[in-house]
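Peer 1: As a plain string of letters, each chain reads:
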Amino acid sequence: MRALSKTLAALALCGMASLAQAADSAICYNCPPDWADWGTQLKAIAASTGVQVPLDNKNSGQSLAQLVAEKAAPVADVVYYGVTFGLQAQKAGVVEGYKPKAWDQIPAGLKDPAGHWFAIHSGTLGIMVNVDALGGLPVPQSWADLLKPQYKGMVGYLDPSSAFVGYVSAVAINRAMGGDLDNFAPAIDYFQKLAKNAPIVPKQTAYARVLSGELPILVDYDFNAYRARYKDNANVAFVIPQEGSISVPYVMSLVANAPHRANGEKVLDFVLSDEGQALWAKAYLRPVRPMKMPAEVAAQFLPDSDYARAGVVDYEKMAAVQEAFAARYLNEVK
Amino acid sequence: MATSAKHASWALAPAFAVLLAFWLLPLAHLIVLGTESRDSHGSGYWQVLSSAQYLGSLGQTLVLAVVVTLVALLIGGISGVFLARQHFFGRSALVALLTFPLAFPGVVVGFLVILLAGRQGLLASLGLQLAGERWIFAYSLAGLFVGYLYFSIPRVILTVMAACESLDRSLEEAAHSLGAGHWRVVCDVIVPGLAPALASCGAICFATSMGAFGTAFTLGTRLNVTPVAIYNVFTNYANFAVAAALSVVLGAVTWSVLLLTRRLVKNSGTVL
Amino acid sequence: MKRSSLFVLQLLFTLLVCAFMLVPVLMSLLAGLTRNFFVGVSSGLTFDWIVQVWQAYSPTVWLSLQLAVACAVCVCVIGVPAAYALVRMNNRFSRAFEELMVLPVAMPGLASALALLLTYGQFGTFRSSWLFILVGHVLFTLPFLVRPVMAVMQRQHLPVLEEAAASLGAGPIKRFFSVVVPNCRAGILAGVLMVVTLSLGEFNLTWMLHTPMTKTLPVGLADSYASARLEIASAYTLIFLLMIVPLLIALQAISARLSRGERR
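Chains as they are written, first to last, in the numbering used here: chain A, 13 to 346; chain B, 71 to 342; chain C, 379 to 642.
Next up, chain A with everything else stripped away, as it sits in the complex (with noise of 0.2 Å):
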């Protein structure tokens, strides 16, 4: 009994020294590992800072959600979305200003000029495929192909109400079947046929099941796709639809109020500085800073007439009509 409550004593000691122990870490709100290698990219701030930053796998529009919802009293320090949530959590008031260290050489139309958010890399959507998990079928070359009842119960995209990547597919499916930001009725027409192609819907990554085969078909970036392909060799292929894409850039704030202030500031500094740029490209993103990409990664990218399907959009309209479409394909997509 009395070695019992001993034990007892020392598990609450120890209770209470891991609430002293956050000094040395900052919690980043969506930096899932196996998202642009943002497992690599942890394990290299806390060797080269020394701050830990646990992995986390909200999406875009569950982080800036629970910004908005703990705005009273921040629990995270940074966070990594999309660019068009950045515009928002700016205009929602949850993160601040802060430049860092590399700031001068990010391009003027990639940064807010108070730098409540900057970009740090960007990626070209596209379609990831799983080319064993196809079952002998053809790899889909273009957005109507995934309408096609052959993939019946193939095709995954993530949730275009929360996810960014998500979003941006519902953006580029609508440009490519000839609509704009201002009118999305090609998207939600696409959406509506491909319900009835059994879909799969994640809200969060899913690159674990396409690489399984769980989910064969995953309207996905290029980095994620060349990461399959070449660290974890797994059969994947991916294509730039024949209709188009677009490109857009992932961006990081600084939260408002952040408890770890200093360490978030020495995570954001690391991430653009040129041992973190170059920790993006050698995982097939492109790096924000002006750098010039290792020649065996840029072998492996698919070729530059492929490329040049993928257009760019006006991240401030997008970021404007979010909220609308969003909406729209929650009462419409069924």
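Be aware that a few hints might be false.
Said to hold, decoys possible - With a straight-line cut-off of 25 Å between C-alpha atoms, the simulated SDA-like cross-links for lysine to any residue are:
hint : chain 1 : residue 1 : chain 2 : residue 2
1    : A       : K243      : A       : S285
2    : A       : K205      : A       : L342
3    : A       : K55       : C       : Q433
4    : A       : K55       : C       : Q430
5    : A       : K164      : B       : F170
Think of the hints as simulated: they come from the structure by calculation, not from any bench.
Computed from a prediction, not measured in an experiment: that's the story for all the values here.
Given the structure of chain A, go ahead and fit chains B and C onto it with the hints provided.
Peer 2: Okay, now just chains B and C, sitting in the frame of chain A:
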């Protein structure tokens, strides 16, 4: 013993304090929060009760919970009575295996359903071999139903086995000696005898299914049962008023069904 | 003849139910040890996945254990006296309190967690610490200790023992610790095992209350199911089962002993 009882009531103070501070107060806050409105859409309760989407989701959750409860009672009842009455080699091992899933969190159950009925699941390969097409139902309501059954059946089996111990077998023997067939005995003697236990166990299964979140979350892409709707509204839009209103309405519906069941059980009285 | 065919039918039915329960679990155990589940067992067995899971997720295991023990301690401290009071009082108030106590279990966990978050979320240090999750667990597991302890107290003829102690001059607190508690050891033990098991598996409340720094085992599991490879998720589930199954066995053994004691 009067002094003892008065002294004893002091012992209730810590538990009461905890419940008051961390449950009653927050619940009151939640109820009040539901009356707030955001963007002039009307109060949270109004938005919930006037929206076809939320009412539909509530209805879907309710129907699912009821069907799961009834099916679990049926399956668990048959197995439970069988295991309580018959003694054979390996019986206690079988009982242990059947009741382990009771402690599994909903997420694990969702994962097991994916293993069973997902794209690479057992039934998918079975279907491929037997019928040439994969049988995948993990991500639909059928998958959710199977998941809820998974953690409800063990509960029923345990309760029925315990209740069987206190059944009066002389009544069954009397019925047999009066010429009643096996099924008559089951319907007219055994089931009424087990009724209070089945009702209270069914109530717990119902409450668990109504509030279950983990399973739907894991399976969840097209499922919109109310706990998932609450989570979505809170995490996608930080819409506290609607999230609070939905939670309160869900809780109220669950609690009233539980109350009703208890009233019915009390009124029917114990049969034996 | 008819009787035995009924027996066989029921046995088959029960075995089918058992298969339904067991087969996915076995598949999950196997998948956690298989090199590549998509290819099948022919790709070889390995402990690599378990090692990977341990390296990535071991903090969740420790936090869950810590929470379970802390929860058991808290629930004992407030629950055993409460059970005593409820058994002694046995009036309108005690019945109302029992109702209140069961509500956090009957109502959806998500609602309780939301209420906690919206009311206490603004206290930053409290909200970001594991104590926030502890509160949720204590609310949820309290009835599972109080009920068995009440049942045992009612059986043990405590009034007689207490009167004897009182007549020998023991005050109420001394009576509680030297007469009441030792006689309910079995009930407390059964309740504590149940509380620990429930706390280890609690998800609905914990999901809303956690932060990336305070992830418990079920929360980590949910993360891995959503985003990680099937093999990693299965290996993680394997670890969880290894923790839970011994507890369940102990629980069943103690409950069996308790019910045998009752029949004596």
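Peer 1: Taking the hints in turn, state whether each one holds.
Peer 2: Hint check results:
no.: 1; hint: K243(A) - S285(A); in the structure: holds (23 Å)
no.: 2; hint: K205(A) - L342(A); in the structure: holds (15 Å)
no.: 3; hint: K55(A) - Q433(C); in the structure: holds (12 Å)
no.: 4; hint: K55(A) - Q430(C); in the structure: holds (15 Å)
no.: 5; hint: K164(A) - F170(B); in the structure: violated (36 Å)
In this structure, only the earlier hint numbered 5 is contradicted, and the remaining ones agree with it.
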